[in-house]
Each structure stands twice: as C-alpha cells, then as structure tokens.
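Chains as they are written, first to last, in the working numbering: chain R, 1 to 497; chain A, 1 to 835.
Hints are computed from structural coordinates only; laboratory data are not their basis. Heads up, some of the hints might be wrong.
So, partial list: chain R residues that the calculated Cβ filter (under 10 Å) puts toward chain A [what the hints assert, rightly or not]:
| # | residue |
| --- | --- |
| 1 | S3 |
| 2 | P6 |
| 3 | T7 |
| 4 | K8 |
| 5 | T10 |
| 6 | E156 |
| 7 | D336 |
| 8 | V340 |
| 9 | K342 |
| 10 | K353 |
| 11 | K356 |
| 12 | R389 |
| 13 | R390 |
| 14 | G391 |
| 15 | T392 |
| 16 | E458 |
All C-beta atoms, glycine included, are put in the ideal place defined by N, C-alpha and C.
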Amino acid sequence: MASYKPTKITVYPKLGEKVTQDTVYWKNYKAPIQIKEFGAVTNINFSPVAPHNFAVTAFTRIHIYGPFSHEPVKSFTRFKDTAYCGRFRSDGQLLVAGCEDSVVRLFDVNGKVALRMYKGHTKAVHVTDFTSDSYQILTGSDDYSCRLWDIPNATELNAYQEHTDYIRCGQHLFSMFDGRVDKSVMTLDHGQPVESLLLYPSEGLLVSAGGRFVKVWDLLKKGQPLVSLKNHHKTVTCLCLSSNGERLLSGSLDRHVKVYNTTSYKVVHNFDYAASILSLALAPNDESIVVGMTNGILNLKHRKNAEESKEISGQQRRRPSYRVFVKGKNYFPKQDDYLVSKPVKQHLAKYDKQLKKFNVSKALDTALEAWTRLKKPEITVAVIKELDRRGTLKNALAGRDEQGLSRLLYFLIGNLFDPRFAPVLVTAAEMILDIYQSVIGQSSVVDRQLLRLQEMLEREIDYQQELLEVLGMLDTVFASSLPRKEVPCSMFSLMIR
Amino acid sequence: MVEHGDIRVVHRGGSKINSREPVISSDSRLLLCASGECVKVFSTSTEECIHDLRGHTGLVTGVLLRPSNHLQAYSCSADGTVRLWDFTDGILIKTYAIGYPIYSIHASPNHERVIFIVISTLSEKKSELFQLVAVHLPQSGDRLVEARELSAVLSDVSSNPAAIAFGRGGEYIVSAKGLQLEVYFFKKQKSYRFSLKENNKKGRKNTFTCVASHPQDDCIATGHEDGKIRLWRNFSHKKEYTYSTLHWHHSVVSSLCFTPEGTNLLSGGVESVLVQWRYNQESQKDFLPRLGAAITHIVVSPDGALFCTSHSDNKITIIQSCVKVSAIIQGLVKGESLSTDLMVDPRSKAMVLNGKPGHLQFYSLQRDKLLFNLDIVQQEYIHQSGLQQFEVVKAAFTASGNWLASVEERKQKDAELELNLKLWMFDEQSQSFVLNTTISAPHEARITAMCFCQSTDSQTTMLVSTSKDGHFKAWQLATPAHTEDDGPSWSCDFVGAYHSLVPECCTFSADGSLLAVSFQEVVTVWSPSSWELLTTLSQPPGAIRDLCFGKLSCSKYLVGTTANNLLCCWNLLTCALEWSTSMNTSLLLADPLSENMAAFCPQAGFTDLFVFKPNEPRPLYSHKAVCSGNVTRAVFAPREEMLDSCEESSQWLNHSQLYFLTQCMDLMTFTTKAEEARQMAASKQLVIDDSIAMTPFHLLLGKHRGQQQQQESGQDSLSAERTPLPQGSAAIKELLQTPAHILPSTSFLCSMFVQSLLISVTDSREETKHVEEEMESEKEEDSEEEEIESRAVRPPEMARCGQATETATLTKAQVKELRRVKKLDHGWLSSVLDL
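Given these sequences and hints, build the entire structure.
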C-alpha cells in the first residue's frame, strides 16, 4: 500500500548570480563608510605592522587612518604640490612619498617634518617605494628615469635611464631591474600604458594592469605571458592581492572592482562603486577594503566580525527549543540490541492534507493564504496545477464570495505574467472569467481588478509584439553573419515565452 | 518453415492473471488463478509461483474449488473442456469435454456432481447472448469423459462471472444482466425477475455490474454502475421485495463479496479502495485505500483469514483480514498502449516498458516476474475514469545502464501539452534510479524519438531527442562550474533543424561519432562533436520509418525503412545507396551484440520475420507468419550465456534472444530445440517440495538435509521423498531448540552455522577442546541461570549423540563454543537480577 504522494512543488532555477563561497565571503562586509578627501585619491597603502594603519595619498596631503577610526590619525601636509604614492616601509616606521615638485620625501610615521629629502629628479615623481631590504628607496619620475636612493645618506646610488616615457608605475614597455646591475634584466610589453604593477609574494608571477587588460606574466619563464584578463570596459587603474594570495582584485575607471580566482583567473565576485576607482587596498586578513575614487571619496568597508554574522544565523534558526525534540535521538543501538523502529509518520503540508481528503476548495484557500501567496507563489501555482490535473479546478474556483474572488484576482494580477507560471495561471484565469461572468458589475472591487488585469494583458501583448520584432531582427542579423550555421531560434522563442 | 524447423515461436509468460477471480485454497496456503492457457498456483505467503496447471488449449475462463473435495479444483476454458485438478501436486485428474466454449463456471455444495457453466446460446456462432446450463458430470474411471448432459437453467445471463452467484446453501441462483436481476429457486423451479429503471433522477446509471449473496441470510447484494450497492431482501415474492441502498463508491462497483460468516461485505471499484461494510450496521465501514489500481475481483478465503483482490494492472494483492497487505503477486502490466519501446536494462537484464500509469516496469524475462516499478511521474494517481493523466511515453538507457531518460506527457483537451524530460542516475548505494534532472517543456510538441549516444568510451554522455516541433535537441551531461554544486546535471547542448521538416527518428552509430536523424524522407547525418551536417541521404518517396546503424563489421552501413515499402541500406563511406529491397517493414531493429538486424513485415494479416546482415541483401533467416496481426514492439535481449549453435539458421540467436509483443500484447520469443531441451533439464532440477512454503531458511535447511541423507545412505536422492526425521547438526539443533530470546546475535551464530554445513576433518584439536570444556565447566558454577539453560539444552544433544555419532562429534566443539558465547552474552542479565 503506497503512501500519499505530496504535491510536487516545481523548483524553478534561480536567476541571477549563483551563491558561491566567494560571494558569501566578499559580501560579508559592513555598510561602507565614506570619507571626503581634498582631491582624487591616488594611492592607498596599508602599514604592514599592527594596528595596520593606512596611508591615503590625496592631492597635497597624506592622511594616515587607524583601522577603525574615521578621522585621520595623522596627516602630512608639508607638500608644495600634489603628493604621490605614499608608502610604508616593511617595519611600518617610515613612509616615503613622491611629489609633483620632483622631490622625494621620507617621513617618520610619528614625526611631522620630512626626515630626508631626495633631490635629483627633474620632473614629478609618481612612483616611490622601499626595496625589500628596506635600506633603499626606488623612485620613478616623469623625466623618464628611475633612481635608487640610499636612505641614510640621501645619496643617489643608481639611475636607470632606459625608459622612453613617463614612469607612472611602469610604462608602455616595462622593464625589470636588478639592483645590483645597472641594466634591465627583462622587458615585457603590455601593449597599453601600464597603470599598476603587482608582484606575487612568491616573486614568480607579475601582474600588470594597463588599458582594459590585466595581464599575468611568469617571471621564471623569462616573462612569458600567462594570461590576459579582459573583464573591465575601461582602464584598469589598480591591483591588489588578497591576504592569502588566492584572489586578485582589480579596480577600474568603469567603477567596478573585480575579484579573480588566481588559479582559474575567472571573475568570482564584483563590487560596484559610485565613481571611477583610482586606488584600492586590502587590509591584512581582508579585514577591510579601502577604495579611493576620482571624486575624492574614500570608501571603507570593514568585515563583519564573527559575532555579528553569528547573530544573523541565530535569527534564521526558527525553533530554539529544537533541542527538546532531539532528546534521545543521538542514542545509537548497540550491536545486540533489537531495534523496534517507530513507524515514520509522513508529514504533509496543510494543502496536501486537504487534497488527500479531496477538499479542493479548502486546499486552494490554504494555498492562497497571504504568506504563501506572497512569499512562495510557486506553491500556490503548484496547487492550482494539481487541481487542474485532478480535473477539479473548476469546482475549487467556483462558489467564492467577493473577498475570496478578489484574493484570487489579486494573485493572478501579480503572477499571471511571470513566464514560469503563465501556462498554469492562464487556464485558471479563463476558468474564473467563465464562472464569474454573470456576477461582473456587482462588486466594484472585483470590477476594478478585472480592469487592471485587462490593462496588464494589453501591455503584455504589446511587449510580446515588440519582442517578436526584435527576434525578427536578430534572425536577419544571424542569417547574414553566419551563413552556414543553424539559427538557434528556439532558444529565443523560449526566452520570450 | 521446413528448413528452419528447429526454431519456433513460443509464448513467454507475461499473461494476464487478473482476467478471472482467483481462488484461495481452504487452508489459505495456495492461490489459484487463471493465466492465459494455464492455471497458476501461487503460495500466499511467499508470492512465488509453485506450479502451472497446464493442459487447456484455450484461454482459461474460470477456476473453482470442487465443493465436495477441497483439494481439487475445476477449471473451464474456451476450448470447451472442464478439467479437474489436484492442485497441490499439479495433477490433472479428469477432463470433461463439453464441446462449447465456456465463459464461466459455478458450483455449489448443494448440487452433487453438477456444475453450472455459462455458454453462448447459439452453439456455433459467437453471439452476445449467453445461457447458464447445468452439466451433470458422469461418473467414470476414464481420464477423458464426455459430458453432454446439459440442461438450461437460465437463459440470457451475463458472461461476466461476477454477475452470477449462488444463494444461501445453493438454494437459489442469482443472475444480473443489464437492468434485471433474476433469482431462480431450485426447489420451486421458479424464477423471479426484478428490474430497475434505466436512470434515476440524477441521471445516474442503474445497470447491474456484480452480485453476491449472503451465506446465511436471504440477502443479495448487487453493485451498480453509478457506485451504489443495493441489498435485496424478501425476493421470494414478486411484489413485496425490498432493497436498501449503500453508497460510497463514486463510480462502478466492480466486485462484491461476503465474508464466509456473513458479517462483512467487501466491495471495490475504480477508486482502488477496498471497502468493508458491516452487515446490518452499514454505517460502519472500514477502508483500505491506495491499493494501486482499480479493483476487479475480491475473494475471501474459505476460513475468512485472507482477502484477495485482483487489480486492473495485472496484480493480485493478498490482504490479512482487511488490515494489512501481506503479499503482492504482480504480473506484467499491460496498459492500454505500449508507448515506450521495449528495452533491456543493461544492468539487471530486465525488460523495461511502461506499466502502471506513470511508472516504468522492470520485468525479468528469465523468471517471468515483475522485478519492480520505477515511479517516473511521482504524483498522486487519481483513480477516476476519464481523467487525463501523465503517461510515460519514451524511455532510453545508456549502454552502461548508468543513466535512464524518460519522457512523460499529459495531453489535455484545450490546454497545451505538458511534457517533462527526466534523467535518472543509477545510484550504486540504493541500487535504484535516482532523479537527477527534470527538464520541463523540453520541446514545444510531442517527442517522437529519443536515444543516448551508445559508445562506451566517450567522455561525455549525450542524449538526443526529436520532436514534432521540427527540432532535435542534444542534451549533455555538464559538470557544474562551481564545485560547491551538488553533482552534474543535464543541459541543452545543441538545437538542430532541417528545412523545417519534422524529425521522426534518430540513432547514434556504435562508436558515437555519427548521429542520423530522419526528417520525413531525408536522412541527415551529423557529427555530434562539432554539430556539423555531414551529409543527407534520401530515397524518395516515402518518409523514413526506422533507422539503424550497422554494428561491428557492418558499421559502415546505415539501414532504413520507408513508409513506401522500401528497405534501404546506405554505405556511409560512399554516401550512396548500397542496396534496397521492396518490403513493407513495420519494425526494424538491430541486435546490440552482433551485426544482425531483424525486420518484421506485416503481410495479409500475418507478420513475417526476416533476419539479415546489412552487408548483403539476403536474409539469414526468415520465418513466415510469426503471429497474426501486426508486431509493434520487439527487442533483442542479450543472453546471459552465449549459445554455441553453429547451424546457419539459428546462429543469429546465439548472442541475444528476440522477444516481441503481438497485437493482443502477448510476449513471444524464438527458441531453438537445443535450448528448450536444456531448459527442461534445468527446470527438473528445480522441483522442490511444494508442501512447505519456500522461505530462504527452508532452502538452506532443505539443502543441508539432502546432504546428510546422501552421506548416510549413499543413495541418489533424486526422488523427492521426504526425510523421515530432520537430522540437523548439533549447531542447527542448538539454534532451533534454544528459545529465541536467549540466543546470541545472529552474527555470532552465522559463522558457526556455515561451518556446520562444511565437512570438517576430525583431528587432534579435539584434545585441546576438552581442556577448554573443563575450564568452562568451572565457570558454569558462577551463575545459577546459566546452569539451567545449559541443562535444558543438553538432553537433545545427548539423544542425538547416539543417533548420528558422526555429526555429533564433528560439531561438539562448536556446541561448546556456542555455550561459551551464551555465557558471555548474558552477564548483563545477572546484573539486572542483582538490582
């Protein structure tokens, strides 16, 4: 004797992006904090030591923010002109910055005045950084030269003159230098002006951003291009690596930050911002994302801490007293025990219980209850479909008062044009019109809803017509461009349906 | 015919078991039911068919226990004979030749040596009029007796056996036909007729469908087409009769039955609910719902312990006193139409076809038994006539049997067609198919054909479906992009069309490199890897009906049949027609294991079979008039072990066997003489003692007993004599005589039990065991209850030692071990007692 088979609720494929672990991870940030800077934020750099302050270079100032403060902890304002590229040393004690006036300044993080000034460049210095041994500074300038400076003596150790264009981070051609040799070791051609460079911690891979492309180069194979990513539709301005090195972030003038998987180089997540992005930085452990934009706004996103996220999951759990029911369930019978199994009681939804008893009208009423109707219309549709299959839909729809009928019509108005539900609901709508033909005009509420339904139907028909026109156009386009291939027209017709 | 005399067409099971009501033997152990041309005897406890009572040459139309001897049964058949059987042993006792086709049989204990049969009124022609006649069975010692002494009792009766019933103690007989109820009293030699109006006020039909009479009371229950049951009383008067009405069924009451004591009335119909009414308290009723399919017959065993219902889906359900279904005997389900093709499941080697509404059935060809039903639709089936239900219309298996594709459709009058394509994956753990992907509305119109890419070495699995909407679609198993997703699912890979023609059939070549799709009279050949249209072949006029790629050495050929009586064979290397013959082929199919192809050609009411190889237009084998009518479905079922026939005519049967379904849905097959002889030999070995219900334990024990008998007497024990005394080994004795609640777990006993079945060698270990024994006897003193237990066990053991010394010594050590185990196990008991 088979048991009752409950009504099958069709599971419709979810449209839009799929929930992956990446989206969960990258969405787990609090609401952004916006800070207005004096000008476009050109560079953001995190201090490598705790408490991980970060330096924001904007216009003629460099502000240092604490990890959670929304006010600058400290600011360096002694620049004569626009400052560039404020960077921390690996011990977080020193900060170097270039300037439009060609002078490179070195600051103590706790002091105010520049410790050293490196003069030698003839034009604006856009790039400054410490070398990995942290005793030297590398700078790049608009005078086509790169220079290596000794920190304590403020002397120029080396100058590389091989570039033929402004050094903004690297250029059209960018070159690799060895500090010990005064010639370039490797030259890689990106194809477009290079906006940003990023070296992997392993120093085996180099990522360059220029134009709309992000390219990855394998340095160990003499700079062989590994992959070229074209996911932005405007110039990519900044690059950043997540703390575990498994994700690569790129910001672009098209106002997006994309997150790539560094093994497959596929985009796994995407952030949208209000303005074109110039700079981007990730705090260690991905605690926060800081994005600087052309309109001078600094956007800070902090990661939700564990307690907060737990709180949310706590809310989702509906029955806290569930433990009571589990009591004794974790007892497993021993080897020799004879297990007397309890008959498993089949749990049926309310509408299923009513359907089982052939109470068709009641089942439809249950399925039309406000919560189901609004939150889970697929259940209501499934019940209507089941009633139709049983041949009792007419009986279930008939004999309703004004309130019941208006509830039905309300549901129809909301869902009739959903392509997933339309085939089922059109039958029901026709039946309703047939049944209640005689009472039209007796209730203003019902009449108003019927008029609305008519209006929406007309709109839908117009829309369909337009779509068919588009389809015709597409057909001609396909026919002219692909003379030998079959036109997958059924796909389009499916989409339209 | 003459030259291929050794191959013949045989009927291979699958016949109806629900055509007539079954009969339960008086001890409720056996169930007899008419099945095709034989009567099958089933065991009510194990559902197994014990034996067939063969002898009739026509359809068996009724089975009846002999009222004067409950170990004998009558059966009547359309061949005009009534046969008397000893059904426990399966022996034909007597044959009474009546001479007319018999439609049903009735008997009552009140009428010695007389049976009542229904024959048609006009002796020669088939007519719609039937009469009930009494046949006096002459006493004679002969096997074959002519019984020509007929006397008409009632004229104009229904041929339905449910419409005739004997009244209390056989005093009267009741017959219902149309709107008339007729009661004939044997003593008074008088009949009374009662008629109803055709329709009542609500337009319901009053036609009688079945009758039953109360065994003790003068009361007749009649079932009607509108679902009502009427209880008639006081019908010995023409005018003063009364009836009361019971109404629960919403459509036809197809069967009624009183329990032997007359306390309950059982009724059943299309709703597939068994209703039990209390006699005289009709407001109280019990239900047994969801029995699976419409109830056609209800039978109660003579002691009232078992109910038995037969259902429209060729099923007999045995129910214990209306509370619990205890056994289900299921035959091959034959719906109104066989919409899916016949297929063979590569895993279970079972034949697969659509069965119950919304199910696929897996039918074992070897055992003639339904293995299981796979629920495809997974919806509650509403038992109501005239309702459009989902039907499984297409199904296909991959070569490995890992994937099953099924198409279900539901056609409504006005609304559009509902189609679902479902893909099922075989789950190793649960050993059944699990739903993987459901594609709703895969096509806009009916699906005409569907096939899997059959190559075993390809990386991806591909399914192609063709539809009336003019497209064919390729579906591919795709692994999900994100590893978090739960497993692979199917999606559409390609949509193809050809000049907006309707594709009719599709087939993959054996290596999966080519796909042929026929669009009316054009065959298009595609490459599934690039979806390029490689070539088109056509042989107009006449649309293509069937397409088959050649296999093995003939893989360069593509064979097709057209509606215009052509059988064409194209060479795919030259893309040209190799040969064609003019023959009207209704069905073409290829043997999956050899190059052979079979073509069924209907000709003048009969169907011929031709078997050929695609490389030459000469039939390897031809068989004229395989059966009457058209063959619509056939299948090559791979053999489990290959035959090694070297005769040219029967070589094609070496790899696989050809099964086909005739128009009247009989499953037939081709066998050779050698094979039949082998089967006969095999079936003789399988003769078992039928009087004991066939449980696995019985099989085990029985085997053991047989072994022992051989050991003792050294005689050949082929004769199925019963052993005088069960002489099990000590371990088995122990097992059987120890109360169940103190036995240790079966896992302990199992190894011992198996060991006891082995012939062990007595060796020096015996000595060490004795030492152990002594140690154990010390332990025994520890607890009192153990002592009692072991004492209880000992006497039979001792007795046996004298009887069969050999076995006892062999297993003595094991007995000791068993006792030790018991002791270990029941330490907990003593601790409980201490508390």
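**Q.** Violated constraints from the hint list, given by number and in increasing order
**A.** 6, 8, 9, 10, 16
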